[in-house]
Every structure is written in structure tokens, then in C-alpha cells.
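Student: Which chain is which? The protein sequence lines are W and F, in order.
One point on numbering: in the working numbering, the residue at position 510 of the first sequence is 510, and numbering is uninterrupted.
One point on numbering: in the working numbering, the residue at position 188 of the second sequence is 188, and numbering is uninterrupted.
No lab work stands behind these hints: they were computed from the structure.
The C-beta atom is built at its ideal place from N, Cα and C for all residues, glycine as well.
Don't take each hint at face value.
[Unchecked claim] In silico lysine-lysine, BS3-like type, Cα no more than 30 Å apart, as pairs:
no. : chain 1 : residue 1 : chain 2 : residue 2
1   : W       : LYS331    : F       : LYS161
2   : W       : LYS208    : F       : LYS17
3   : W       : LYS507    : F       : LYS121
4   : W       : LYS5      : W       : LYS166
5   : F       : LYS43     : W       : LYS208
6   : F       : LYS17     : W       : LYS336
7   : F       : LYS17     : W       : LYS331
8   : F       : LYS130    : W       : LYS507
9   : F       : LYS43     : W       : LYS331
10  : W       : LYS536    : F       : LYS86
11  : W       : LYS336    : F       : LYS43
12  : W       : LYS296    : F       : LYS43
13  : F       : LYS55     : W       : LYS331
14  : F       : LYS161    : W       : LYS336
15  : F       : LYS55     : W       : LYS367
16  : W       : LYS410    : W       : LYS601
17  : W       : LYS336    : W       : LYS181
18  : F       : LYS86     : W       : LYS507
19  : F       : LYS177    : W       : LYS331
20  : F       : LYS55     : W       : LYS536
21  : F       : LYS177    : W       : LYS296
22  : W       : LYS507    : F       : LYS110
23  : W       : LYS507    : F       : LYS55
24  : W       : LYS507    : F       : LYS177
25  : F       : LYS276    : F       : LYS241
26  : F       : LYS184    : W       : LYS296
[Stated by the list, open to error] A few chain F residues facing chain W, derived, Cβ under 8 Å:
no. : residue
27  : PRO44
28  : GLY45
29  : ALA80
30  : ASP83
31  : THR87
32  : ILE88
33  : LEU91
34  : MET92
35  : PHE125
36  : GLY127
37  : LEU150
38  : PHE169
Residue strings, one per chain:
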Amino acid sequence: MSNLKEMRSGIEEQYKAKLNRPRIVVGLGTCGIAAGGRKVMKAIQDEVANRKLDVDVDFSSCIGMCFAEPVVEIALPGTPSVIYGGVYPDNVNKLIEGHLINKTPVTEMAEIQIAGEAKPYDGIPVMEKSGYYAKQVRSVTSRLGRTNPESIGDYIATGGYAALEKALAMDRQDIINEVKKSGLRGRGGGGFPTGNKWQFVHDAVGDKKYIVCNADEGDPGAFMDRSVLEGDPHAVLEGMMIAGYTIGANEGVIYCRAEYPLAIKRLNLAIEEAEKMGLMGDNILGSGFNFTVRIKAGAGAFVCGEETALLNSIEGQRGMPRVRPPFPAHKGLWQKPTCLNNVETFANIPFIIRNGGEWYAAMGTEKSKGSKVFCITGKINHTGLCEVPMGITLREIVEDIAGGIKDGKKFKAVQSGGPSGGCLPTEKLDLPVDYESLTAAGAIMGSGGLVFMDETTCMVDVAKFFLNFTQLESCGKCTPCREGTKRMLETLIRITEGAGVPEDIPKLERLATNIKASALCALGQTAPNPVLTTLKYFREEYEAHIMDRKCPAGACAALLNYTILADKCVGCGVCVKACPVQAISGEKKTAHVINSSTCIKCGACVPKCKFEAIVKA
Amino acid sequence: MPTVTLTIDGQQVTVPKGTTVLEAAWKAGSFVPTFCHDPELTKPGACRICVVEIKGARNLPASCVTAAAEGMIVETASPAVIDARKTILELMLDNHPEDCLTCHQAGDCKLQDYAYFYNVKPGAFGGECKNYEIEDDNLFIVRNMNKCILCGKCLRACEEKQGRAVIDFAYRGFRTKVATALDKPLADSVCVSCGTCVSVCPTGALTEKAMLGSARKWEVQKVRTTCPFCGVGCNFDLNVKGGKVIGVTSNAAAPANGRDLCVKGRFGTDYVHSPKRLTKPLIKKNGEFVESTWDEALDLVASKFGEIKTKFGSDSIAALSSARCTNEDNYVMQKFMRAVIGTNNVDHCART
Ligand SMILES: Cc1cc2nc3c(=O)[nH]c(=O)nc-3n(C[C@H](O)[C@H](O)[C@H](O)COP(=O)(O)O)c2cc1C
Ligand code: SF4
Ligand code: SF4
Ligand code: SF4
Ligand code: FES
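Kindly generate the complete structure, drawing on both the sequences and the hints.
Tutor: What follows is the structure in C-alpha cells.
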């Protein structure tokens, strides 16, 4: 098959026909499946069969509303399609009965509607105008939750592989110029301008060159790349192929963590389908350009996301970072020039080539162009995936997209950039989300993880959490990171256990400075950031732990004290039975007391007291 | 050869292009410590003790893996550099047993030297310290991984110099350890006990079993000699104390072999002072070996050869010599056969 245009019209017809039929679409990303999506799918199929309904049952991937999973879309031609959340086998019937048979949407279960030309229903937020998506853009995530990721037909009908076709007719330097014009910066965390990287690899001399896609995604709480791989695998492949054509590579490797079996499955399927249609393999679309892609499953070490450790891992070596320079652009996989980019970076390429660099650069700020996918997690109402234009403020993300802090609690901090990033306080909420602003504030953009914390979060405890992660994930190669992060962690543990001493703070700062300055790779160079930013913005919390032996957030068990308020206690003795270590004593009908040295701070007594006489402080 | 000129500690140096900042600094007479760097091995830039300040660089680069560039301005002892090095040493010492008093390596240990130079003491940060069993299962090598600073020289030497790759890093982070495959005892691995790893270790983590407890490093007199075991002609240093050979250490300056030796050369010199060693020739008389003199013994051999030669002719005698003898020995042997015995019946085990 050499002409995609010929194929395309047929495929588009088919796709239109599909959209013109009543459809029920189940969100089957990992989040949907974990929430029970497959069971919901089965229940729907059974119901449709039982009632002999004329409706297609299809599946898609994660649309981003992880908080609402399992998510099901019902689309009837000519009416807005409605996306329902919290769908389980026991309420499937209600949806079918209401929306499909009585043609009345079940408003109380509806999350969002996509109206298109049709007149929107009352009482359901319209996507892109209100609710979760009001402040979002859907560019690189545009197919997520909207097309069937296992269908190359869906991909092609929605503009897929048009960019490859266009690129194959372009001059290589023009492609690079277009990517440069877009201002796209690496989405894997470093933020290096993609066009410049491609130029280096293009200009590098080598008998063989490689394309490597970094799908290792190791930050705790991050799932942007997984969502893109599961929801739009062809876009990643298309981006890699365009890169391959541009820099002169015929082979691509996707390094994907083995914990992403669904992503790997969909990628393999996409490769197979693309090969079948002559979109991958030899002489692609009759252009003479050959390209193959293989997947290397990684064992899940965080450091294997670091580009040179990743290359070592592909080569079968221990995943330890190499000294840079030489950079992968000059000496990468098997010491050959290698273009290594992140999943989201590659997935953006087809959109940029199709719509032009200027279109992409119109989004975002002066130095941070385009859009960025974030995973928003923590103490917020809407945990999920969102794509926002660069430059949006943190406040807009937490208040408008995330739906505010859970249980009406107060926002305290947001960790941006995962374990390499930093914690920003309320004062920084109006900070625009772009590479420069976040870095200036001591955090980083990173790969797009945002963890929100409320007033019950202890910032020393947060720093301890991240340090525990980095010190476990340190590859052990260089001294400052291997030994230093361990000492920082030990100090933080001591502080949260009430054994901190005033010298601990300058010691932490000295360690942090020297680890940052002398570690070999960015894992170590950034590992102290959570400590440095919490020390910068929440120093008084450290001091309270050390000087007053108190955890102001009430999170560090060792520093808690449970006491019984004598004026509230009626001496009923219920708490005595609840205590597993017999720390509570007192005569009947007189105020009881807790022996703080036996108390293990489990808090079991608190809910048992009907008179709210037990308090933690 | 293209050169670059850079400024190190205020002094201009010109070095060939491709020289590292470390080598340039040494050339300029600046002191820069190293642990993982070894001129004969690949450079991992891992220990970070060699960091320097380079104007315009974001962090403190490791000088051993940074190429000297034209116009570079390098400080090898700025306050930031000194503090980083001290921190690294403190971190190493806090994860290292405090037993320099009884350590075999004392006096020839980089960790000790740099701790002294920078006046760094243990206990700066405290915390957990590794505590492994001392491994002495190998006949010749004792591995005390508690003293290991994970510079990785041993495993690079094993792979890059010996082509064995017996050991490598295992585990991760603070638990990282140099180990054989599956962390099995060295004796159960494919280790050939060449001891090359011992020769490159900058600390007391790898030591020669036979020498442990026999001498302080500064008591040892080193006598350069050629290995008696085979014809390769490896040079090494006999370690001598009180007129007795206590062991062997290799020497990078040895022309044929550098620091490499085989198990026999490095660990096989205990025969020198063995009471079982023959020091006088023995002649069998009436079925019994009887001590004799060299004159008597050589006269006997000469007369026997003479007898055979007169009775059966020169060609009834042949000589077979060994590849493990030196060239000189082999030369003398064939010369003797041709000139004295009068035959060309000369052969050699490596001929086929
Ligand atoms: C410890 C560490 C972990 C990393 N993990 C990832 C990762 O999971 N995915 C990723 O794309 N980049 C990761 N990176 C960044 C990569 O080294 C590299 O910069 C990036 O993949 C380049 O692609 P880009 O230019 O498209 O961002 C990591 C870096 C470090 C230091
Ligand atoms: S900074 Fe940490 S992860 Fe990076 S090379 Fe050093 S020990 Fe390994
Ligand atoms: S003794 Fe030789 S073979 Fe054995 S580990 Fe050391 S270098 Fe490798
Ligand atoms: S055993 Fe010696 S040479 Fe090997 S890593 Fe440890 S300190 Fe370095
Ligand atoms: S000597 Fe340079 S990093 Fe070890």
C-alpha cells in the first residue's frame, strides 16, 4: 500500500458510520480497569444481548477523569454524548433504561457531556466549557478516551499518520525547523528544546543512528505517559518514525517499564497493525524509508528513566548512569548517535507537523510553549489527568480543575516534579506553570506530577517520603548520592521521631548543597530539592519538631500526645477497653488519664469516646 | 598535536587536546585527590572526590572525566570544592569501620591519606554503617566489604584487564556492594585468583591473605625481581621484612606485565622459606637418596651422558624443554645439545 490517501477515505467512511450508530463506550485504561471497567463492560454486553438492543459496545482509554472511574460514554446520533462516572455492574441497567431506552440522560451519574452540534442537555457540564475540562486544552490527549486505542482505523480517521505522510515529503531540515519553531521542550523532565536535540543527532556523524523513546515513567504519582501510551499508541509510533526519518535512523526502541503491561500490549498491537498497513517496516508509503520499532521492558528502577542509565539497560548492562558528555545525541545506544525523547514529546510531534510549529507555539508562554499533561493527585477532589496550556497558574489547577481540596480542608502545599521537585506553599499558588517560574521557586516542572497536600500534611514527613524514595532508588554509583541521601533520610527520620537536634538543620543544608553540587546524575543532583524547598517555605515546621517536639500538622505519630479533657470526661471507661496497650486508667465516674509513656498513639480511643473528651495535640 | 591552554589555580597550562582537567591540574602542580580514576581503566566518574570548580559550570564537575578546554578557568581548592570533598570523605568514613590501627592497608591507603590531608574525622553524620561478614573463602584473597568505598576499580580491572568479569556491583543505593554473580563466595565463582583486583584497590577492602598481620606497610622492603615460574618474565616486588620474603605485590612500572600477575606469581612465593625445599643435590645410592655436593652430582650426570654417547651415539640422546623456561634457558639447552652432545634432537612442549 503506497497511498494513504486512498486508504484514508474508506477508513473515514467506516469511522463516520461507527459514529452514526448508537454506542456505549467503556473507559478501559489501567485506571478504568482497576476500578472494575471490564466487569462493567461485561454487564453492558450482557444487558444489550438480553434486551436485544441495537447498540454497539466499544471501549476507549482513560479520558482523564480517573476520579470518576469506571467511566462509560453513551452516544446516540444527533444528541450530545454523555460521559457517566461511577458506573458499576449494578447500575448499568439504570443507564441503559434511562439514556438508551427512555432517551433521558441520567443526570445524577453524568460527569460531562460532549455536545458538538447538538443542543446540550440541561444540568450536565459541557466539556471544554465547564467542569473538569473548562481550563484544559486537548491536544496531545485529544484521542484519549475518545477513540479505540486498539484500532488503527480510529487513529487514521482522526488524522493519524497524515503527519508521517507529510513529513516523508518534506526536507529533513525543514522538519527540524518546524519542531524548533514550535518551541516544544522535552516533556521527560529536563525540558531540553526538542528541535535542538534533533539538530544535534541529525548533524552527528554515524553509520547507524537510533531513536529511543523513554517510557520508563518512574515518578511516584505520575501516569501521564502511561495514559498516552494506552490511549494513543500510534501517535507515539508516528512521532518516533518522523524523528527517525528526520535524523536518519531506521530503528527505534521503546523502553517501557514492565509494570505497564496494557501499554506494552497496545503498543505491540499498534506496531503489528501499522506494519500490516505498510506504515511501518520497509519502504514506508513507498518513500524508500524503512523503520522498525521494538519494545524493551524495563524492570522498574527509577534511575533507568535517566537517559544514559536507560541506554545501559537496553544494552543489557546494569542501569547506572554514564558520564555526560558524551551525550546520547553523539554517543548513545551502542555508542551510536541516538535521539532519545519522552513519550509525550514524541506524541506531540504528529500534531506539530500536521498543524505547524506556529500553531503549537501560539499556546503557552514566551519560553514555555504549548501544552503540558499533568497528573494531579493527593488531597484533591478530582484526581486525574489533565492537559493545560503552559502558563496556567497553580491556583487554576487546584481550584478549577482539581475541584479544590478534599473534605473542605485547606490547601497547604503542592509538590511539583516528583522526587526531584519541590514543595510550593500557598504564597506560590499564583505562580504560572512554566519551566522558568517553577525552577525559580525551587521546584521543577519535571515530567508532570503534581501532588497536592492539605493542612493535615506534615512537610517534614513529606520530605522524608521523597528522600526515602530517592535513597532507595539511588543506583549506588556515586558517593554523594549513595551515602548522602541515606544520611539525609536518617536525619529526617530522627526529626519526625522527636529526636532531632538544632544542628540537624544546618547539617541537612550542608549535605543538600554538596550532594546537589557533586552528584553524577540528575537523580542525585535533584534529590535534596524536597528538603531544600520545605526548609525554605516551611522551616518553622522543622523547628517545631526539633525545639518543641511537636508536629504542627499532627501527622508524626511519635510527636503526638493524646490527652483526656477532664471537664468533658464522664468516666464511662469505654476508652479503657479500646486501648490495646492499657495506657488509660481512672476510677469510674471520674476523669480518666492517658499514660503518655505507654500510649502507642494509635488513636483507637478517640472515636470510641461519645463525649469527644479525647484530643490529640 | 593540537593543544589547549587553560588556567588552573591562577596558573596557565597548555596540554594536548583530549587531556582531562585532572591530568592538566596535576601537570600544573595542583593537588587533586582521586579514588575511582585509574589511568589503565575506563573512567566512571563515580567517587566524585576529584571535583573542581570550573567557571561557568552549573555544578562541581569531576575533573577526571572533564576534558580540558581552551580558556577554561579551574579552581581545584576553592571553599566549595574543599567542602564537597570533605563531605564525600565524611560520608565514606561514616560507612567505614574505624579500625585503621589494625588495618593491613594503613600507611598505603588513599582514604586514610585524604582524611589526614583534609583533617576529616568519622562521625560527622553518623547513622547506619554496613556490616558484612569478612569473606576469606578464597585461598589467597580476603575481602572485607566493610572497608570498600565502591570505587569499582576491582571490577573494572577484573573485566578490562583480565577479561574475567567475575565481580560487579550488586544491589542498589546504600546497599550497593561489589559481589560475584548472585553474591556467592569468591571460591565458588569463576575467579582465577589472579589478584589483579587486590592490586588496584585503594583501601583495605581487598588484601593478600598470606601477608595479613605480617608487616606494616612502612616496614616492608620492596625488592624488584622477575617471576621464577614461567617464561613470560613478569616483574614484581618481593615484599621483604627482616630478610624474609612475606609476599609479592605487583608494580605498574613492570615492563611486561604492569600490575597483572597470575595466581602463582602473586601468591606462590611461600616456597622460598619452605623447610621442605631441596637445597642440596641428592644422589640415589643403593636405593636411597643421599645428600651430595653440586660437583659430585654434575660429574655424575656428565659421565652418564658421556657413557651413553660413546656406547649408542649422539643421536641416542634427545632433549625436551619447556615453554615456561626463559628464552635464555631454552637457548642454552639447545646450544648444549648441539655443541656438547652433538645432536639436533631438540624439542619443545609448545612446538606442536
Ligand atoms: C532519575 C531520573 C529519572 C528520569 N525518568 C524519566 C522518565 O521516567 N521518563 C522520561 O521521559 N524521562 C526521564 N528522565 C529524563 C531523561 O533523562 C531524559 O532527559 C528525557 O527522557 C529526554 O527526553 P525529552 O527531551 O523528550 O524530555 C529522568 C531523569 C532522571 C535524572
Ligand atoms: S546521582 Fe545517584 S543515581 Fe545518579 S549516578 Fe550517582 S548514585 Fe547513581
Ligand atoms: S582475583 Fe582476578 S579473576 Fe578473581 S576477581 Fe580478582 S581480578 Fe577477577
Ligand atoms: S573492593 Fe576496593 S577496588 Fe573494589 S570497589 Fe571496593 S574499594 Fe574499590
Ligand atoms: S576520581 Fe574522579 S570521580 Fe572518582
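Student: Confirm or reject each hint.
Tutor: Structure-based check of all given hints:
1. W:LYS331 with F:LYS161: The hint holds at about 24 Å.
2. W:LYS208 with F:LYS17: holds (27 Å)
3. W:LYS507 with F:LYS121: Within the cut-off at roughly 15 Å; holds.
4. W:LYS5 with W:LYS166: holds (11 Å)
5. F:LYS43 with W:LYS208: holds (25 Å)
6. F:LYS17 with W:LYS336: holds (23 Å)
7. F:LYS17 with W:LYS331: Holds - the C-alpha atoms of W:LYS331 and F:LYS17 are around 19 Å apart, at most 30 Å.
8. F:LYS130 with W:LYS507: Holds, at roughly 22 Å.
9. F:LYS43 with W:LYS331: Holds - the C-alpha atoms of W:LYS331 and F:LYS43 are around 16 Å apart, at most 30 Å.
10. W:LYS536 with F:LYS86: Given that 30 Å is the threshold and the Cα spacing comes to 25 Å, the pair holds.
11. W:LYS336 with F:LYS43: holds (19 Å)
12. W:LYS296 with F:LYS43: holds (27 Å)
13. F:LYS55 with W:LYS331: holds (26 Å)
14. F:LYS161 with W:LYS336: holds (25 Å)
15. F:LYS55 with W:LYS367: With Cα atoms ~26 Å apart, F:LYS55 and W:LYS367 stay inside 30 Å; holds.
16. W:LYS410 with W:LYS601: Since the Cα atoms of W:LYS410 and W:LYS601 sit roughly 24 Å apart, the hinted pair holds (cutoff 30 Å).
17. W:LYS336 with W:LYS181: holds (27 Å)
18. F:LYS86 with W:LYS507: Between F:LYS86 and W:LYS507 the Cα gap is close to 13 Å, so the pair holds against 30 Å.
19. F:LYS177 with W:LYS331: Holds, because 28 Å separates the two Cα atoms, which is no more than 30 Å.
20. F:LYS55 with W:LYS536: Judged against 30 Å, a Cα distance of about 27 Å means the pair holds.
21. F:LYS177 with W:LYS296: Holds: F:LYS177 and W:LYS296 sit about 27 Å apart, inside 30 Å.
22. W:LYS507 with F:LYS110: holds (26 Å)
23. W:LYS507 with F:LYS55: holds (27 Å)
24. W:LYS507 with F:LYS177: With a Cα-Cα distance of about 27 Å, the restraint between W:LYS507 and F:LYS177 holds, given a limit of 30 Å.
25. F:LYS276 with F:LYS241: Holds, because 21 Å separates the two Cα atoms, which is no more than 30 Å.
26. F:LYS184 with W:LYS296: Holds. F:LYS184 to W:LYS296 sits at ~29 Å (cutoff 30 Å).
27. PRO44: holds (7 Å)
28. GLY45: holds (4 Å)
29. ALA80: holds (7 Å)
30. ASP83: Holds, because the Cβ-Cβ distance from F:ASP83 to chain W comes to roughly 6 Å (cut-off 8 Å).
31. THR87: F:THR87 check passes; min Cβ-Cβ to chain W is 4 Å, inside 8 Å.
32. ILE88: This interface hint holds because 5 Å falls under the 8 Å limit.
33. LEU91: holds (4 Å)
34. MET92: With a minimum Cβ separation of about 6 Å from chain W (threshold 8 Å), the hint on F:MET92 holds.
35. PHE125: Nearest chain W Cβ about 4 Å off; hint holds.
36. GLY127: holds (4 Å)
37. LEU150: It holds, given that the least Cβ distance between F:LEU150 and chain W is near 7 Å, below 8 Å.
38. PHE169: holds (6 Å)
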